[in-house]
Structure formats: structure tokens, C-alpha cells
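Q: Make the full structure from the sequences, and use the hints.
Protein chains: 2
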Amino acid sequence: MTQKVVKLYDKGGHVCLFFTGLVEGEAIPSNQLVIVDHGEAALFDPGGELTYTPLSIELSKHISIHSLQYVFASHQDPDIITSLPRWLMHTDCKVVTSRLWSRFLPHLVSGFVSGKMHKSLDDRMVEIPDEGANIRLGKSFIRAVPAHFLHSVGNFHFYDPISKILFSGDVGAAMTPGQDHLPVENMDDHIPLMEGFHRRYMASNKACRAWVRKVRQLDVEVMVPQHGKAFIGKQNVAAFLDWFEELNCGVDLLT
Amino acid sequence: MTQKVVKLYDKGGHVCLFFTGLVEGEAIPSNQLVIVDHGEAALFDPGGELTYTPLSIELSKHISIHSLQYVFASHQDPDIITSLPRWLMHTDCKVVTSRLWSRFLPHLVSGFVSGKMHKSLDDRMVEIPDEGANIRLGKSFIRAVPAHFLHSVGNFHFYDPISKILFSGDVGAAMTPGQDHLPVENMDDHIPLMEGFHRRYMASNKACRAWVRKVRQLDVEVMVPQHGKAFIGKQNVAAFLDWFEELNCGVDLLT
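From first to last, the protein sequence lines are chains F and A. In terms of my numbering, the first sequence opens at residue 1 and continues consecutively. In terms of my numbering, the second sequence opens at residue 1 and continues consecutively.
These aren't lab readings, by the way, just hints derived from the structure by calculation. Since the structure is predicted, the reported quantities are computational estimates derived from the model, not experimental observations. Hints are supplied without guarantee of correctness; some may be wrong.
Claimed, not checked - Covered stretches of chain A, going by a simulated chain F footprint (3 or more residues, C-beta under 8 Å):
1. 17 to 29
2. 42 to 49
3. 106 to 114
4. 139 to 151
5. 206 to 213
6. 243 to 255
Stated by the list, open to error - Here are the computed distance ranges between Cβ atoms for each label pair:
7. 199(A) with 199(F): 19 to 27 Å
8. 89(F) with 234(A): 46 to 54 Å
9. 115(F) with 129(A): 38 to 46 Å
10. 134(F) with 193(A): 32 to 40 Å
11. 193(F) with 175(A): 38 to 46 Å
12. 66(A) with 126(F): 42 to 50 Å
Each residue gets a CB set at the ideal place from its N, CA and C atoms; glycine is no exception.
A: See below:
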């Protein structure tokens, strides 16, 4: 698959890069986002062992690996954060995730790797409380927006108030392999590509509505999911919110 | 922590072993189950990198590693199945899990490990459809019982019709470190140890009820969760089902 890097924002010492096409083989394709503010970098949902090497090579073309302050993990899945031991070993980053996963993520790290680290794993984790938090980055911050039960029970999306980008994890995901670097053009054509996944993997309409209420309070220009194309422009984001608010899914469909 | 192995069943060529206390350090303690029927072995929720070495050493005292036919994964979490690349490399096992995770689990496997395997990853995966399945083991079978949204959106528990053991993953989990090899003695004392976890990590009462209905149709003598003590005897299992059926949790509590 063709690797692509899209520069979503670059102004006043603040840069947002969107990586697509780094996943090869039988795994579901996934995207990664990097935000740099005044020399401090944050990486969102870096993925697992499969993506670590191609991502770290690509990343080093754009930033110094030593500037990596944070790895943000929307949730605990294999395609999200299972490269954790590598980032802990090779950088000084802290890992930001829901408090629900802070005692589960250490299962990813062997005794050998723990022994090589200079600090305890606890000291490298930033636990987000259920209500969310602002995490300082450079001269700005990243807001962790609660997205619980979409699909993970402890789940956050990440909002950058400068670029107005919302990294929305699995929400808004679609299978558009090879095309993920291009924005969604037509919602009517795009909905059928999202529908099956969202109906089965999102836990209930009540969770969708709680999330839509929160996102409407933010000033979102771009919504970047972890799989598939980004939604660019307020009109496309609003169209997504209108669709998702009405979606019956998960336990709503359980018989 | 003290490693313990409890023999839950041993009759007519059918053996069930329950491993506790293998997890060290900052991670949540977890249990593993092994079932052997007529020389064919299955391992349930083996965990991550952290547990791989102690578990494989302990396991090799009881079974030949070459008899391992299956690794069953209740869901996709770090403490469940992130040691996948190790089991794929060092044994000929197949990995049995929900169809929802079959394209996510390959993110755990680096290009290097994939290259070392003789078959494609697809050939080593057994995908369980949402409605469940029976998987042959030796002269018997293991039943995959749907437990979706408890907590994972694609989640199975595993029932052994010979020993009448239900491996119930995160359902029935509690924090009783150092005591996990002992059975639950008194449900009134045990409920406060389970309550906070189940309210926050289970997605909704509707999912609890759907699961309780299914489990009541099985003849369960022992319920073994992945964290904490086992429930031994029909009376204790029934008491758990009565409590869980009434639990408000997850999106029920979302405001």
C-alpha cells in the first residue's frame, strides 16, 4: 500500500501530520496522527508491532524522536497501543490513556523491558479520568474528550484547539484502503462504508448521543478517524454527527 | 506473588488446570485455564508479554507444548492475547477468537515474526461467528458462548461440557490478589469486591441479561473468571447469575 503523509496544519510553530498506508498484510489498515507544538510532539494511536518500524522510520523524517513527549492511546486495542514497549524503550515519552487501562497496559511489557527502563511504568503513564482532561503540549494543550463505549468502555478522542482537528479513533472509521489520505467527498456515498462497522462495534445509541452532545460544543474543522478518510470542513463534520446521533447499534440490536 | 496451580478436574483422559499468581509488578493479576482432552490441549486467555515466560515454564511442567492445539482468546485486550506472536512462533496452535478481532490481532505481529511462520496468519486463526460455535478438542469440544459487550463488543466465554467449567473472562472478576486459587466462600462478602469493576466495565444491563439467559441453559458447576476467585458449585454460580442479572452498568449509568 502507498504510504502517504498529509500536512493538515502548519502555522505559527504548530504542525499536524496525518500518516496513512503504513499497514501491510492481513491487518486492518490504520492511520496515525502527529501534532507538534513549539518543538514538543505527540503521537496518536501508534498501533502495534506491525506498524512500529515503518511508522518510526516515517516519523523520523519529520520530527526528532527525542521531541516526542506523549503517545496518546484512545483505548486498549491491538491496533492502537500494543507497540507501547517500543516507544517506552526508545523514547522518553509518557503514555496518555484512560484510567481504565492503566493496570492492563503493563501486560504488554515483559520483565526484560521493564528492567531496561529507567523509571517504573507507573511514572510513564498519564491516566485520564472518565470526565476527560487537558494535557499540556508545547505552548498549547490537547483535550481528551470522553468517548466511552465507542467502542471501548474506557475511550477518549483528542481535540487540538489550534488546528481544530478532532482525532476520533474508531468513530467515523471506514474501509477505504489506498484512499485514506483523501478526504470524504460525499456523505451519502460514504455512509454505506461506515454503517456495518458502527452498528456492530459501537455499544449503544445512548453512547453515540452523549458523544455527539460533547463534540457539538467544540469548534471542529476536521475529524480524523483511525481507519479510513478524514472529514474536512464544518459541513462534513456536522453531517457525520447528524448520522451518528440517530444510529442504532450494539446492545440496541441485541435480542 | 505465589504461583499456584489448581487441578479443577482429572478423569477419563480429561484434565482442567487453573493457574494463578503468575503476574508480577504493576499489572492487574490474572488467571489462566488449560483444558486437555485425550492429549490435545487448549489454553484460555494466556495474557501478554508480561506473562508469557512464567506461563510457558509452568505449562511445560504439566503438558507437552507440542500438544497445544488452541489458544482461546475471550477478547482483544492486552492481558488476554497480546502474547499471540510468541505462541504462533513457538507452537503450532491455532488462535480462536471473535470474528470481530481477526483483522485487528495481526497488528500484534511484526513483519519479522510473520516471515518466520510457515503459514499465513489467516490460516492460524479460527474466527467465531457472533452466535458462538463448538470447537473440537480431543474426543470432546469446547463451546464458545456469546458474551458480547461484557466488556468487549466481540466477546466469548468458553464452556467445557465434561468438567462443566465455564471460563467467564472478565465476568465475575474481582481483585483478590494472592487468594485467587481459593474459591469464593461467601457471595455477600464477595459482591463489594466485584461491584465497581462490573458497573464501569460492563456495557449495559441488557447485555448482562442476554448472557445470564444463555448461561442458565448450560449445566455449569464451576465458573472461572480471568481475575480473582472461582465460583465452585451450582449454588454459588446461581447466586452470581442472580446478582449480575440485576446489575445496572455501563451506558445505563451514562448521563
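Q: Next, verify each hint and record whether it holds.
A: Against the structure, the hints:
no., hint, in the structure
1, 17 to 29, "holds (count 6)"
2, 42 to 49, "holds (count 3)"
3, 106 to 114, "holds (count 8)"
4, 139 to 151, "holds (count 3)"
5, 206 to 213, "holds (count 3)"
6, 243 to 255, "holds (count 4)"
7, 199(A) with 199(F): 19 to 27 Å, "25 Å, holds"
8, 89(F) with 234(A): 46 to 54 Å, "49 Å, holds"
9, 115(F) with 129(A): 38 to 46 Å, "42 Å, holds"
10, 134(F) with 193(A): 32 to 40 Å, "34 Å, holds"
11, 193(F) with 175(A): 38 to 46 Å, "42 Å, holds"
12, 66(A) with 126(F): 42 to 50 Å, "43 Å, holds"
Checked against the numbered hints above, the structure violates none of them.
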